[in-house]
Structure formats: structure tokens, C-alpha cells
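Engineer: Sequence:
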Amino acid sequence: MSIALVTGGNAGIGEAVVRLLSKTPNFHVIIGSRNPDSGIELANSLKKQGHSVSSVQLDITSDDSINNAIDHITNVHGKLDVLVNNAGVALDTKPDAFVSTRDLFSKTFNTNVFGTAALTEAALPLLQKGDHPRVIFLSSTMGSLEVSGNPDTFFYNNDYKAYDASKAAVNMLAVNYARILKPFGGVSNAVCPGLVKTKMNGFMEAGEPVEVGAERVIQLATAAPGGPSGTFSNREGAIPCLNGSGVRSDAAEGKRYSRNGRNGAVVDHAGYGDLVQSTRKNHIRVAIDFVGEADRKIFGREAVEINYTKVV
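The working numbering numbers the first residue of the sequence shown as 267 and each following residue consecutively.
These are calculated hints, taken from the structure and not from any lab test. A virtual CB, placed ideally from N, CA and C, is assigned to each residue, including glycine. A few of these clues could be false.
Ranges of calculated distance between the beta carbons of each label pair, as one might list FRET restraints [stated by the list, open to error]:
#1 R368 x K395: 34 to 42 Å
#2 E387 x T359: 23 to 31 Å
#3 N292 x N333: 22 to 30 Å
#4 N424 x K448: 34 to 42 Å
#5 N334 x P417: 40 to 48 Å
#6 K360 x G492: 37 to 45 Å
#7 G451 x D425: 40 to 48 Å
#8 F380 x D303: 20 to 28 Å
#9 E502 x T359: 20 to 28 Å
#10 G492 x M267: 16 to 24 Å
#11 E477 x K395: 24 to 32 Å
#12 P417 x T327: 33 to 41 Å
#13 T359 x P475: 20 to 28 Å
Please put together the full structure from these sequences, using the hints given.
Structural biologist: Have a look at this one:
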């Protein structure tokens, strides 16, 4: 039986992850909920449907709450196979509620970064006992320096400084825990759920159902051993090398890299020209083909696939 903990699992995308994951055979899902009554109510509802679900009070901004939750999981289950770091806040939409910019950033980072990091670190001993442990960080394309800085994208004129910065930091957490979990056969990835209707964004009309946003999380949570690690992805899969996002897509998948020619050029078959790496400068000739419409939408510009044809 795989044991999964979903933070903020009582509402929004977290609830969708809990509902979908609880339908997966051989999974027990623990709902991490700041409001214990809400978590218990959802757990009882799903148990009546025949699913293996429980709940634990968990406020990731409180070290005491984190320690109590980890102690509970240790005593009851003795391991953790999947950690979904879903709990988060977006406070930039109500700046008048904060005394200062420092207050806004402090409260945003306290949940999205400090709390997420504290829980993940506290869960490491349990994850190390798990079966090919998987950690999934809910992030956002808004955490990408390239996308947020591109005037042709939807995100450019949105003033979400604190939220954007916090998600850039979350991306770096995903990379670090990919390295930390590797010796234990584990993986760590960042996921952008896309624009979905949640309380956090006022159930934005343009948003899609939360179940759609949960799709990629479920894919990674149920992945077989040896899956991707250190990647940033959405429901269409890993996004090629978001420049400055803190996550180099598919860096852990050897099948996407090869060594060509007498000069030993290391080539990335899903990257961009400005990210080419070579053991000798100017030793790669490239042929460029345009990729799908999905990539163009993601980047707000013509995304390209690099086809390395010759080392000269």
C-alpha cells in the first residue's frame, strides 16, 4: 500500500488530487488540512465510497503542527511514499490587507516557501523509508523569469510580485530535493496545474475544473520507479528548459541527452539554441524545426526543437 500525504487537501486542487488519488488501487491518501473538521469531513465522505483515506491536522506555517503530523504518520504508517506540496497562498490580489510590502512578502513566503520547505525536510525520514518516494511541488509558470518577463505573455502585466517570486523559489526546492532523494530511488518535480477555478483566484471564469489541474500531479504521484526528476511540467508533460525558472526540464532523463561526434558535444534534444552546451565552443551545427502549438502558447513566442545534426 502506497501512503500519500496531500497538503491543503481539503479544498481546491488539493481536494481534487485527494479524490482522484484515492481511486487509485493500493493507495492510502492522508488529507493534510489546517482545519481539522474540514479534513475529517472529506475523509469520511470518501471512506463511505470505499476509498482508503484519513486526515491529519496540518498547518505548514506551524512547526508544532508539522511535527505532530509527522509523528502521527510515523506511528500509524511508518513511511511515506508520496508527498504532494499543494498548500499555498496568493495574497497579491488584496494588497490593502497588508501593512507593507515586507508584510505581503513575509506572509506569502511563510506559506509557499518556508512552510513547504519545513514540511518536506521533516518528512524526509519517512520518505526515505518509502517505495521510490515521490515529492511533487505545486508551482506556476508565473515563477518563470522568461515567461513573466515576456511582454507577449498573459502574465506580463499581472502584478503578482510576491506570488511569482515564491513560486520561483518553489521550483528551486524541487531541484534540490531531486538531488537529495536520488540516493533513495526517489524523485522530485514541480508542477503547474494551469489556470483552474479555485477560491484562491475567486473562481475565475476563464479557469478550468480543478480535476484538470490535478491531472499531472496524479501522473507523477503514480509514476513507476525511474520516472522524471528535477523537472517543471504541466498536464501536457515536461516543459523544455524554462530559462531562469530554476528547473531544467528532463535533466534527469538520459534518453533526452546524447554524446555526438569526435569532440564529445553534449546535446539536448528538447532545448533551445541559447541553452546548447558543448565541450568546445562553436562546435555544433543545428537544424531548427518548430514544435507544437502547445509550446508556443506556453512561451508566448515561437518555441523550437533543436535537432543536432552534425559536430564539425
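Engineer: Is 16 to 24 Å respected by the C-beta to C-beta distance linking G492 and M267?
Structural biologist: For M267 against G492, whose Cβ atoms are near 21 Å apart, the range 16 to 24 Å holds.
Engineer: Is the gap between the beta carbons of P417 and T327 within 33 to 41 Å?
Structural biologist: 35 Å Cβ-Cβ, so the 33 to 41 Å window holds.
Engineer: Using the beta carbons of R368 and K395, state whether their distance is inside 34 to 42 Å or not.
Structural biologist: Holds, at about 40 Å.
Engineer: Between K360 and G492, does the beta-carbon spacing fit 37 to 45 Å?
Structural biologist: Cβ of K360 to Cβ of G492: about 43 Å, so the range 37 to 45 Å holds.
Engineer: Given a hint of 24 to 32 Å, does the C-beta separation of E477 and K395 actually sit inside it?
Structural biologist: holds, 31 Å
Engineer: When you take the CB atoms of N292 and N333, is the distance between them in 22 to 30 Å?
Structural biologist: holds, 28 Å
Engineer: At the C-beta level, are E502 and T359 separated by a distance inside 20 to 28 Å?
Structural biologist: holds, 27 Å
Engineer: Would you say the C-beta atoms of N334 and P417 sit inside 40 to 48 Å of each other?
Structural biologist: holds, 47 Å
Engineer: Note whether the CB distance of T359 and P475 lies within 20 to 28 Å or breaks it.
Structural biologist: Holds - the Cβ-Cβ distance for T359 and P475, about 21 Å, lies within 20 to 28 Å.
Engineer: Given the hint of 40 to 48 Å, check if G451 and D425 actually sit that far apart at their C-beta atoms.
Structural biologist: Given a distance of about 42 Å, which is inside 40 to 48 Å, the answer is holds.
Engineer: If I claimed the Cβ atoms of F380 and D303 lie 20 to 28 Å apart, would that claim hold in this structure?
Structural biologist: holds, 26 Å
Engineer: Does 34 to 42 Å hold as the CB distance between N424 and K448, or does it fail?
Structural biologist: Since the Cβ atoms of N424 and K448 sit about 35 Å apart, the hinted range of 34 to 42 Å holds.
The earlier numbered hints are all upheld by this structure, with none contradicted.
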